[in-house]
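**Student:** The primary structure of each chain is shown beneath.
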Amino acid sequence: MKTLITMPNYDDATSYLYYYAEELVKFAEEKNITVSQLKRPRLRRKILEESITKQNPQLLLFNAHGDETTIYGDKVEGEEEYLIREKENHQLLTGRLTYARACSAAASLGKACTQKDGCFIGYNQPFSFWTDTSRTTTPLKDKVAQLFLQPSNELAIALLCGKSAREAADTFFNMSKKNILHLLAKQDEPGAMASAMLLWNNMTAQEVLGNEQMRCS
Amino acid sequence: MSEKISSELKKIVLWRLDTIPANFKLSIGNEGTFTKEELKQHVQKEDQIGVTFAKMQLNFMKALASGEFSKTLSE
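So the protein sequences, as listed, match chains A and B.
When we follow the working numbering, the leftmost residue of the first sequence carries the number 1, and every step to the right adds one.
When we follow the working numbering, the leftmost residue of the second sequence carries the number 218, and every step to the right adds one.
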């Protein structure tokens, strides 16, 4: 299985995603899965386009900011550079299995790139998470953020293990559900219901578009 | 942004934010990360971040009220 992963790291949100993406890279390498990592300075649109065209990865894992039509990469000269944008280069995702851990990209971009073939797992609303300000420099030790980011990592791990898009998305859904139940058991604890609220929003925002049975081997 | 937050919802969201620990910060996509005090200001101003956060709270309350939340958790 050939996999490509994007790893921006230029603000609080992307810093958390970066550390969690590193965990995915470690997992893939232990499984002898070839992973092409795009991080600064190689996290540029041209390099991504060339990598997809030349290496032909089956699985694409985007960790990024996003909106309805766009998945972003790095911040270049103060501005976020888009990596994939609807009607510009979204065809690059056609026929592939994509997981976009990014805001809102399932709302339109995901639909556009799965019209002919392929599968896109993403979110049709903002993907949000609480963080603990005392753990900003050590994201993997942040137990608050873990509630939201571990389910999304488990989704990506399921894809790396060859599970279908639907099975992987269900992994995210079920782990988020488990985390909500855990929070409800201690609902008097400050922040528990606020975390349950965000988990619920992420769960309901998740979409699997295109061929749900698609898997990588 | 033309969307606004109803005064009833605003009260609920602001009350909810009061219950959030001071060390919590919300990462909300491209918009950035926000402390609860910053979120309260955005809700008061009814700007895009405030409206987005209020919508999330409303979505959750609707799921609780309709039984969708309980149903999903029980499945």
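Be careful, since some hints might not be right.
To be verified - Covered, in the sense of this in silico footprint (three residues per stretch, anywhere, with C-beta under 8 Å from a C-beta of chain B), are these stretches of chain A: (1) 41-53; (2) 84-92; (3) 150-161.
Unchecked claim - Restraint-style ranges between C-beta atoms, simulated for each label pair: (4) B:E254 / A:Q55: 20 to 28 Å; (5) B:A282 / A:R85: 16 to 24 Å; (6) A:I47 / B:I229: 30 to 38 Å; (7) B:Q261 / A:Q55: 33 to 41 Å; (8) B:S287 / A:K143: 34 to 42 Å; (9) A:K2 / B:W232: 19 to 27 Å; (10) B:E254 / A:E154: 26 to 34 Å; (11) B:S224 / A:S134: 30 to 38 Å.
Claimed, not checked - Just a few of them, taken from the derived set where beta-carbon distance is under 7 Å, the chain A residues facing chain B: (12) Y10; (13) N124; (14) P126; (15) F129; (16) W130; (17) P190.
Since the hints were derived computationally from the structure, they do not count as laboratory data.
The model shown is predicted, which means the values in this text are computed figures rather than measured ones.
Beta carbons are placed, not taken as given, at the ideal position from N, Cα and C, and that holds for glycine.
**Student:** Against each hint, give a clear statement of whether it holds in the structure.
**Tutor:** Hints and how they fare:
1. Three residues within the 8 Å Cβ limit are the bar, and the region 41-53 of chain A against chain B gives 0, so the coverage statement is violated.
2. Judged by the Cβ-Cβ criterion of 8 Å, the region 84-92 of chain A is not covered by chain B as claimed, because only 0 of its residues qualify and three are needed.
3. Under the rule that three or more residues need a Cβ within less than 8 Å of chain B, the assignment of the region 150-161 of chain A is violated, with 0 such residues.
4. In this structure the supplied range 20 to 28 Å is violated for E254 (chain B) paired with Q55 (chain A), their Cβ-Cβ distance being about 46 Å.
5. The beta-carbon spacing between A282 (chain B) and R85 (chain A), approximately 38 Å, falls outside the hinted interval of 16 to 24 Å.
6. Between I47 (chain A) and I229 (chain B) the CB atoms are about 47 Å apart, so this pair departs from the stated range of 30 to 38 Å.
7. Taking 33 to 41 Å as the suggested C-beta distance range, the pair Q261 (chain B) and Q55 (chain A) does not conform, at roughly 49 Å.
8. Hint check: S287 (chain B) to K143 (chain A), Cβ distance near 26 Å, so the stated range 34 to 42 Å is violated.
9. A beta carbon spacing of about 50 Å between K2 (chain A) and W232 (chain B) contradicts the range 19 to 27 Å that was offered as a hint.
10. For E254 (chain B) and E154 (chain A), the hinted distance range of 26 to 34 Å is satisfied, since their beta carbons lie about 33 Å from each other.
11. Distance hint for S224 (chain B) and S134 (chain A): a CB-CB separation of about 35 Å, consistent with the stated range 30 to 38 Å.
12. A distance limit of 7 Å between C-beta atoms decides the matter here; for Y10 (chain A) the minimum to chain B is near 12 Å, and the interface restraint is violated.
13. Annotation: N124 (chain A) was flagged as interfacial toward chain B, and the flag is violated, the nearest CB pair being 12 Å apart, outside 7 Å.
14. The criterion of a C-beta within 7 Å of any C-beta in chain B is met by P126 (chain A), whose closest approach is roughly 4 Å, and the hint holds.
15. Hint on F129 (chain A) holds. Least Cβ distance to chain B is approximately 5 Å, under the 7 Å limit.
16. Because the closest C-beta pair between W130 (chain A) and chain B is about 5 Å apart, less than 7 Å, the hint holds.
17. The interface hint given for P190 (chain A) holds, since its Cβ lies 5 Å from the closest Cβ of chain B, which is under the 7 Å cut-off.
Checked against the numbered hints listed earlier, the structure breaks hints 1, 2, 3, 4, 5, 6, 7, 8, 9, 12 and 13; every other hint is satisfied.
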